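So the sequences go chain by chain: P and U.
Count along the first sequence from 1, then add 368; that gives the number in this note's numbering.
Count along the second sequence from 1, then add 368; that gives the number in this note's numbering.
There could be a bad hint or two in this list.
Given that identical chains are not distinguished, each listed pair holds provided it fits within a single copy or across any two copies.
[Stated by the list, open to error] Here are the computed lysine-lysine pairs in the DSS-like style, where the Cα-Cα straight-line distance is at most 25 Å:
{"id": "1", "residue 1": "K685", "residue 2": "K498"}
{"id": "2", "residue 1": "K566", "residue 2": "K667"}
{"id": "3", "residue 1": "K685", "residue 2": "K451"}
{"id": "4", "residue 1": "K685", "residue 2": "K606"}
{"id": "5", "residue 1": "K566", "residue 2": "K416"}
{"id": "6", "residue 1": "K642", "residue 2": "K416"}
{"id": "7", "residue 1": "K558", "residue 2": "K667"}
{"id": "8", "residue 1": "K594", "residue 2": "K411"}
{"id": "9", "residue 1": "K493", "residue 2": "K630"}
{"id": "10", "residue 1": "K558", "residue 2": "K521"}
{"id": "11", "residue 1": "K630", "residue 2": "K416"}
{"id": "12", "residue 1": "K606", "residue 2": "K594"}
{"id": "13", "residue 1": "K416", "residue 2": "K667"}
{"id": "14", "residue 1": "K406", "residue 2": "K460"}
{"id": "15", "residue 1": "K630", "residue 2": "K558"}
{"id": "16", "residue 1": "K630", "residue 2": "K411"}
{"id": "17", "residue 1": "K685", "residue 2": "K594"}
If you're looking for bench data, these hints aren't it; they were derived computationally from the structure.
In this text, all values refer to a predicted model and were calculated from it rather than measured experimentally.
There are 2 protein chains.
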Amino acid sequence: MALQENAPSLAVVGVTGAVGQEFLSVLSDRDFPYRSIKMLASKRSAGKQLTFQDRNYTIEELTEDSFDGVDIALFSAGGSISKHFGPVAMEKGSVVVDNSSAFRMEEGIPLVIPEVNPEAMEGIKVGTGKGALIANPNCSTIICLMAATPLHKHAKVIRMVVSTYQAASGAGAAAMEELELQTREVMEGKPPTCNIFKQQYAFNLFSHNAPILSNGYNEEEMKLVKETRKIWNDMNVKVTATCIRVPVMRAHAESVNLQFEKPIDEYTAKDILKSSPGVVVIDDPASNHFPTPLEVSNKDDVAVGRICRDVSQDGYKGLDMFVCGDQIRKGAALNAIQIAEMLL
Amino acid sequence: MALQENAPSLAVVGVTGAVGQEFLSVLSDRDFPYRSIKMLASKRSAGKQLTFQDRNYTIEELTEDSFDGVDIALFSAGGSISKHFGPVAMEKGSVVVDNSSAFRMEEGIPLVIPEVNPEAMEGIKVGTGKGALIANPNCSTIICLMAATPLHKHAKVIRMVVSTYQAASGAGAAAMEELELQTREVMEGKPPTCNIFKQQYAFNLFSHNAPILSNGYNEEEMKLVKETRKIWNDMNVKVTATCIRVPVMRAHAESVNLQFEKPIDEYTAKDILKSSPGVVVIDDPASNHFPTPLEVSNKDDVAVGRICRDVSQDGYKGLDMFVCGDQIRKGAALNAIQIAEMLL
């Protein structure tokens with residue numbers, strides 16, 4: 369039973385969203401201890417009922433007063449909500465774990481993947497009256513770095529070329545519903561409903577819908593570039609990314625090409641990854657069994673396979689690999705709750 | 369009217385397959401001149417009727433006698449058929465345009481993309497009594513090189529990192545049907561039928577099902593590596609590829625990272641590509657309009673977009689781009705018929 373007198377009080381901001389709902393599942397799965405939990409959402413959802421661990425909760429409207437007595441606030445309600453209410457919660461002494469991109473690149477804000485850089489949030493504690501904010505990295509960054517970091521620690525990555533295969537869930541529950549609806553419509557020969565995305569998504573794929581910046585990259589791609597540097601605390605690591613949405617429900621895949629400073633071969637890489645927490649190696653050429661989005665859906669671990677020595681790089685300084693991870697879980701909710709666990 | 373007295377006699381080998389059917393559409397679309405055409409397939413399809421350009425044809429069984437009097441034989445019936453019957457047709461004086469991988473890497477066999485290396489088939493003529501065989505490159509290679517070659521000619525590509533997003537059509541008409549069937553089944557909550565592929569394809573993606581070689585690459589990936597070298601006649605160009613099947617019907621997409629010997633910027637690259645035959649640039653950041661498999665389906669041109677200067681490479685020596693092309697058309701049938709056109 370996770371309801372405990374001396375445990376922290378929680379708030380979930382954006383509880384009706386895909387990640388908000390996953391926050392609850394993960395809290396439950398991991399038996400996260402809490403003495404109370406506030407279910408917060410927009411005015412539209414306020415008053416609705418919700419059952420969590422056999423108790424009924426009424427969803428409350430998120431306001432400036434929502435964070436009185438809240439120890440840990442898990443945010444996943446978009447950047448503008450975080451930007452406004454994150455500082456409000458900190459002011460009230462809450463430790464905010466924020467899933468949005470609002471504060472990720474701000475100096476002094478830890479950007480944390482618990483398996484990768486737990487040291488970045490050292491000194492942050494709950495219940496001290498001193499608020500803080502820890503940012504959850506972008507889903508593609510988390511999934512990529514779960515696999516790349518153990519190899520980076522061994523042989524130092526100097527350049528990384530990433531191509532993503534991103535699921536509908538990254539754009540929220542409505543996008544997942546639209547993919548399903550569109551698929552039905554296309555199969556029936558009807559024109560697809562395009563509310564969330566501007567174009568047909570079923571049986572198609574397209575450049576990630578994040579805004580395009582002046583350098584020609586989209587925001588999603590530059591998150592991978594910049595967040596990697598911050599998380600690895602290495603301003604010299606070179607990263608490029610092409611982010612593509614594919615008609616898959618809830619897990620991302622990434623094709624990752626790595627260039628190392630020191631030599632590393634594919635056998636060493638596999639051994640390192642096999643013993644890395646939160647990573648599972650699926651790499652069986654004989655049965656052609658490698659990671660797929662479907663196999664990692666609703667799973668905690670990030671799966672890595674197709675680990676090959678890159679034939680386009682001399683010597684033992686290059687590797688290719690294919691990585692899959694559940695976007696809602698390790699890409700968002702699980703990572704945030706692992707951060708919260710480190711606060712206990 | 370493409371039926372002409374002095375035009376070559378044709379044979380289509382594998383006429384009932386996805387590419388075989390597309391051979392007929394493309395011959396028709398391009399008003400390819402011929403004086404006769406033999407529709408060849410396996411025993412199973414022999415005797416069936418087929419209408420082409422308002423004439424009825426009976427499908428004939430492919431035998432050693434099929435090529436008597438045939439000037440140009442278009443093959444798309446798999447590697448083992450090509451291996452056996454390609455030499456038989458050549459013996460009879462036919463010029464074979466072979467869509468399989470059987471002869472692609474053989475010395476002396478031209479491997480041709482007409483917009484890229486037409487010079488490789490110089491001297492080959494029809495109706496001389498001297499047979500010949502010209503290989504059609506793999507679909508992913510054709511689509512990639514249609515976009516990469518014009519840039520290569522300008523600034524010399526020294527390394528290329530490719531990640532593919534490959535359609536069902538690459539595995540034939542039955543794979544396309546299975547994707548549709550599986551999608552229906554999954555939407556109805558039923559287990560998916562897995563005859564062509566060993567796993568669920570609907571709402572999923574997976575490492576290309578080609579056999580894995582001892583270096584960890586699969587055959588599809590090594591085709592990109594090796595065919596690029598042969599087509600560019602450059603044994604030093606370094607290529608790596610990760611080939612992934614995505615639940616899309618008939619057009620491939622490829623994320624391509626390029627490293628050049630000489631400087632090139634994104635504006636020059638776009639200008640070069642805009643004036644390249646068989647290439648269309650779709651690159652509108654303002655409306656987030658970039659190439660998609662759906663938009664190029666049933667189209668001849670390969671579409672290129674997301675042309676950015678690579679932030680992970682110093683100076684002006686790196687570019688990222690995203691390429692889409694119809695797998696059955698430019699990736700197979702159209703390219704083969706363009707080769708045949710050069711024989712006229």
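Hints versus structure:
1. K685 to K498: Answer is neither; intra-copy 46 Å and inter-copy 49 Å both fail.
2. K566 to K667: between (30 Å within a copy, 21 Å between copies)
3. K685 to K451: neither (42 Å within a copy, 38 Å between copies)
4. K685 to K606: both (15 Å within a copy, 14 Å between copies)
5. K566 to K416: For K566 and K416, neither the intra-copy (31 Å) nor the inter-copy (44 Å) Cα distance is at most 25 Å.
6. K642 to K416: Close neither inside one copy (44 Å) nor across copies (55 Å); limit 25 Å.
7. K558 to K667: between (34 Å within a copy, 22 Å between copies)
8. K594 to K411: This pair counts as neither: shortest intra-copy Cα distance 34 Å, inter-copy 59 Å.
9. K493 to K630: neither (38 Å within a copy, 53 Å between copies)
10. K558 to K521: Neither: 51 Å inside a copy, 44 Å across copies.
11. K630 to K416: neither (56 Å within a copy, 62 Å between copies)
12. K606 to K594: within (10 Å within a copy, 27 Å between copies)
13. K416 to K667: neither (29 Å within a copy, 50 Å between copies)
14. K406 to K460: within (15 Å within a copy, 82 Å between copies)
15. K630 to K558: Neither: 55 Å inside a copy, 49 Å across copies.
16. K630 to K411: Answer is neither: 54 Å inside a copy and 58 Å across each miss the 25 Å cutoff.
17. K685 to K594: Answer is both; intra-copy 23 Å and inter-copy 21 Å each pass.
The structure fails hints 1, 3, 5, 6, 8, 9, 10, 11, 13, 15, 16 (numbered hints given earlier, in ascending order).
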